[in-house]
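Going down the list, the sequences are from chains A and B.
According to full-length UniProt numbering, the first sequence holds residues 1 to 230 in order.
According to full-length UniProt numbering, the second sequence holds residues 1 to 55 in order.
Think of the hints as simulated: they come from the structure by calculation, not from any bench.
Where hints are given, some of them may not hold.
In the EDC-like style, the derived pairs of lysine to aspartate or glutamate whose C-alpha atoms are separated by at most 20 Å in a straight line are [as the list claims (entries may be wrong)]: (1) A:K119 - A:D153; (2) A:K86 - B:D49; (3) B:K2 - A:E64; (4) B:K10 - A:D153; (5) B:K2 - A:E141; (6) B:K10 - A:E141; (7) A:K207 - A:E165; (8) A:K86 - B:E27.
Note that this is a predicted model, so its numbers are computed, not measured.
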Amino acid sequence: MMNVVSRAYVRGGAQVLSTGLKASGVAVNSMANRQAHTDLQVPDFSAYRRDSVKDSRRRNETAEERKAFSYLLVGAGAVGGAYAAKGLVNTFIGSMSASAEVLAMAKIEIKLADIPEGKSVTFKWRGKPLFIRHRTSAEIETERGVATSTLRDPETDDQRVIKPEWLVVIGVCTHLGCVPIANAGDWGGYYCPCHGSHYDASGRIRKGPAPLNLEVPTHEFPNEGLLIVG
Amino acid sequence: MKVIYNTLFKRTSTYAVAIIASAFFFERAIDVTSNTIFDTVNKGKLWKDIKAKYE
Numbered sequence: 001m002m003n004v005v006s007r008a009y010v011r012g013g014a015q016v017l018s019t020g021l022k023a024s025g026v027a028v029n030s031m032a033n034r035q036a037h038t039d040l041q042v043p044d045f046s047a048y049r050r051d052s053v054k055d056s057r058r059r060n061e062t063a064e065e066r067k068a069f070s071y072l073l074v075g076a077g078a079v080g081g082a083y084a085a086k087g088l089v090n091t092f093i094g095s096m097s098a099s100a101e102v103l104a105m106a107k108i109e110i111k112l113a114d115i116p117e118g119k120s121v122t123f124k125w126r127g128k129p130l131f132i133r134h135r136t137s138a139e140i141e142t143e144r145g146v147a148t149s150t151l152r153d154p155e156t157d158d159q160r161v162i163k164p165e166w167l168v169v170i171g172v173c174t175h176l177g178c179v180p181i182a183n184a185g186d187w188g189g190y191y192c193p194c195h196g197s198h199y200d201a202s203g204r205i206r207k208g209p210a211p212l213n214l215e216v217p218t219h220e221f222p223n224e225g226l227l228i229v230g
Numbered sequence: 001m002k003v004i005y006n007t008l009f010k011r012t013s014t015y016a017v018a019i020i021a022s023a024f025f026f027e028r029a030i031d032v033t034s035n036t037i038f039d040t041v042n043k044g045k046l047w048k049d050i051k052a053k054y055e
């Protein structure tokens, strides 16, 4: 049924087309036949038009002005959008950074005048024990004289300290993480009671199962008598 | 207007640059203005106003 109708339509269309082609010489087409509405007035849209296009003499010269106005509006919106977007992105990225509370705990400030010479003092820093050792000149001399070829983890004393009198190490044994005992062991530095690792007064592993020297955290001496670790 | 359109708005590249550049100044202006307004409204309550009493 449908097929018959569509075939009829196609045939009909073909007929129209052929007659249209035949009639083209006498200008009979659908547009030319619409002559009934020429008496209608074109509505007055001047209330909606820009002033610059109402003047028929200037009409063709104001395209840039009109476009500049449109682009200016869009551009102003884009500027506001860019400002808002920057604020939003800043907020989200800022939420990833460490909070002030965490940053305050990340550093430790130590008054060095409280630590007498030859003593090792333990502090808690980032949840780990921190050893600050005020070394005697005899200890400094001994550690400087050690040949790195005899060491398991070769590091010179100068690589491990900033000021030779002050040794700053994290008090976690590099073997299995026990806390070593200060001023003990065969080399007079640190001794780990768990499995018997001996560290010297520079925190270097000398004997026992530990594979590495005690870790030296980043630290600085901003002025005389003050140490900041972190 | 004609000059602005032809130099800045006609090409997308210059248009984008103009937007980004003016966003920079716009941000600065907004921040300074809003901070000034905040400080004027809250004058006498801010730490920088009462700091002298505690130091």
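Hints, verified against the model:
A distance of roughly 25 Å separates the Cα atoms of A:K119 and A:D153; the hinted pair therefore is violated under the 20 Å criterion. Straight-line distance between C-alpha atoms of A:K86 and B:D49 comes to about 31 Å, which puts the hinted pair past the 20 Å bound. With a CA separation close to 5 Å, the supplied pair B:K2 and A:E64 stays within the 20 Å bound. Between B:K10 and A:D153 the alpha-carbon distance is near 67 Å, which puts this suggested pair outside the 20 Å criterion.
For the hint linking B:K2 to A:E141, the alpha-carbon distance of about 81 Å lies beyond 20 Å, and the restraint is violated. Straight-line distance between C-alpha atoms of B:K10 and A:E141 comes to about 76 Å, which puts the hinted pair past the 20 Å bound. Only pairs whose Cα atoms come within 20 Å are accepted, and A:K207 paired with A:E165 is rejected, the gap being roughly 24 Å. Between the alpha carbons of A:K86 and B:E27 the distance comes to roughly 10 Å, so the proposed pair stays at or under 20 Å and holds.
Checked against the numbered hints listed earlier, the structure breaks hints 1, 2, 4, 5, 6, 7; every other hint is satisfied.
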